[in-house]
Structures are given as structure tokens and as C-alpha cells.
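Take a look at the letters that make up each chain.
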Amino acid sequence: ETGVTQSPTHLIKTRGQQVTLRCSSQSGHNTVSWYQQALGQGPQFIFQYYREEENGRGNFPPRFSGLQFPNYSSELNVNALELDDSALYLCASSRRDSQETQYFGPGTRLLVL
Amino acid sequence: DAKTTQPTSMDCAEGRAANLPCNHSTISGNEYVYWYRQIHSQGPQYIIHGLKNNETNEMASLIITEDRKSSTLILPHATLRDTAVYYCIVRVVVGGKLIFGQGTELSVKP
Chain A
5 ETGVTQSPTH LIKTRGQQVT LRCSSQSGHN TVSWYQQALG QGPQFIFQYY REEENGRGNF
65 PPRFSGLQFP NYSSELNVNA LELDDSALYL CASSRRDSQE TQYFGPGTRL LVL
Chain B
-1 DAKTTQPTSM DCAEGRAANL PCNHSTISGN EYVYWYRQIH SQGPQYIIHG LKNNETNEMA
59 SLIITEDRKS STLILPHATL RDTAVYYCIV RVVVGGKLIF GQGTELSVKP
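These protein sequences, in sequence, are chains A and B. Quick note on my numbering: the first sequence kicks off at 5 and runs consecutively. Quick note on my numbering: the second sequence kicks off at -1 and runs consecutively.
Quick caveat, the hints were computed from the structure, so don't treat them as lab data. For glycine and all other residues, C-beta sits at the position ideal for the given N, C-alpha and C. Incorrect hints may have been included.
Unchecked claim - Below, a sample of chain B positions facing chain A; criterion: calculated Cβ distance under 10 Å:
#	residue
1	Gly41
2	Pro42
3	Gln43
4	Val83
5	Lys95
6	Gly101
7	Ser105
Could you build the full structure based on these sequences and the hints that come with them?
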């Protein structure tokens, strides 16, 4: 167990809807990174939040957005859902220091119909 | 971030050592080698990381060649529960994102 939790565990949405996924960091961690993992692929980096600011972004459109709260928990929001957004969404927390190992939560499985 | 190359799949007998290779010939001096594994689409699990010295923890050992262009993850006594996809990742530490490739699918067989 990493101490990183995500909710919900599973979610079904229809095309065009909006979704919010949540992540609670491991105690003492101040950085959260989000990844998308399509079936059969490795996880792909979406973005990272540090001190409530976006701190790096992968090749994802603006309809993917996020927030980090003062307690370091985080949300991933996806607007105008598309069928290809069906994936496992993973968050990872870390502590900004010289090592900054990322520890992953169990993920949220999103299915877009 | 440097790119890594891993075999697509490997088999290992239960109780034997599993040696998973990784090539990272374009690694820079400030990049670390990280290993994660993922079991049945659970969240990736951190295993070990290193810069240039060999490292060992309760899960595995990491052997990095002197020129740092390749490394080997060693699971000393593989069990059936070690069956997973193993990812070798090279990253700059501070603020560095993890770039996952396809990984190596390790099957531990009785």
C-alpha cells in the first residue's frame, strides 16, 4: 500500500459528458502527477501539480485540466468526453526533494460509451 | 528524457533469479534509472532506482554498467506473485515526469 487513494474506482460516462477524478496524496507529499493508461499501453503523463500550480504537461488537449488543493489532494477534470478517453487514470504523489520517487494510487477505470 | 529499450517478454522459473535487462544508451549525467512494475492493471509499484552505483533493497537489486548505458534489475528468488509488466524508466529527478515504454512482461512459472 502506498497511501495514495483515488476515487471512484470505476466510472461509466457517455460521450460529451464531463468527469472529475480525485486523488489523495501520501502523507508528507506535496506533488501530484496524473497519467492515462489505455488498454495494453504504458501510462502516459498528463500533467503535474506542485504548490497548487500546474508544473509540466504532456501532450493532452486543454479539455484535460486539474487542480491541487492546500492539503495536496488533487482533481483531474475531463470535459467533452470522447470514446478514446476510456482508460485507467492513475495519480502518483511525491515529495519535492532530491529523490522525488513517485508512488501510484490504484487508479480509476473510466469507460466512455 | 532518455529512451529505454526492454525485451517484450521473459519467462522465469519459480525460485530462480529473474534478470531483466534495459538499454538506455542516451542517458544523461543527471538522469536516474527507475524501475516500476504493474500487476493486472493495478497502479504501478515502485521497485528501485539508482544513478550510477549498484543498489539493493528488500525487493530487488539494480546493476548499472560503468558507462551507464544499460542496467539489469534482479529479482533474486522469483515467485508467482512477481508475474507483472516491468518498466525501466530514465528521468531527471526534480520535477521529472515518468515516461513509460511498453515494458517487459515477466511470467514466473511453477
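Hints and how they fare:
1. Evaluation of the B:Gly41 hint against chain A yields a held restraint, the C-beta minimum of about 4 Å falling below 10 Å.
2. With a least beta-carbon distance of about 5 Å to chain A, the hint placing B:Pro42 at the interface is held under the 10 Å criterion.
3. For B:Gln43, the shortest C-beta to C-beta distance to chain A is roughly 7 Å, which falls under 10 Å, so the interface hint holds.
4. Look at B:Val83: its Cβ gets to within about 8 Å of chain A, closer than 10 Å, so that hint holds up.
5. Annotation: interface hint on B:Lys95 holds; nearest CB of chain A at approximately 4 Å, less than 10 Å.
6. Interface hint status for B:Gly101: upheld, as the beta-carbon distance to the closest one in chain A is roughly 6 Å, under 10 Å.
7. Using the Cβ-Cβ criterion of 10 Å, the hint placing B:Ser105 at the interface with chain A is not satisfied: the shortest such distance is roughly 16 Å.
The structure fails to meet hint 7 from the earlier list, while all remaining hints are met.
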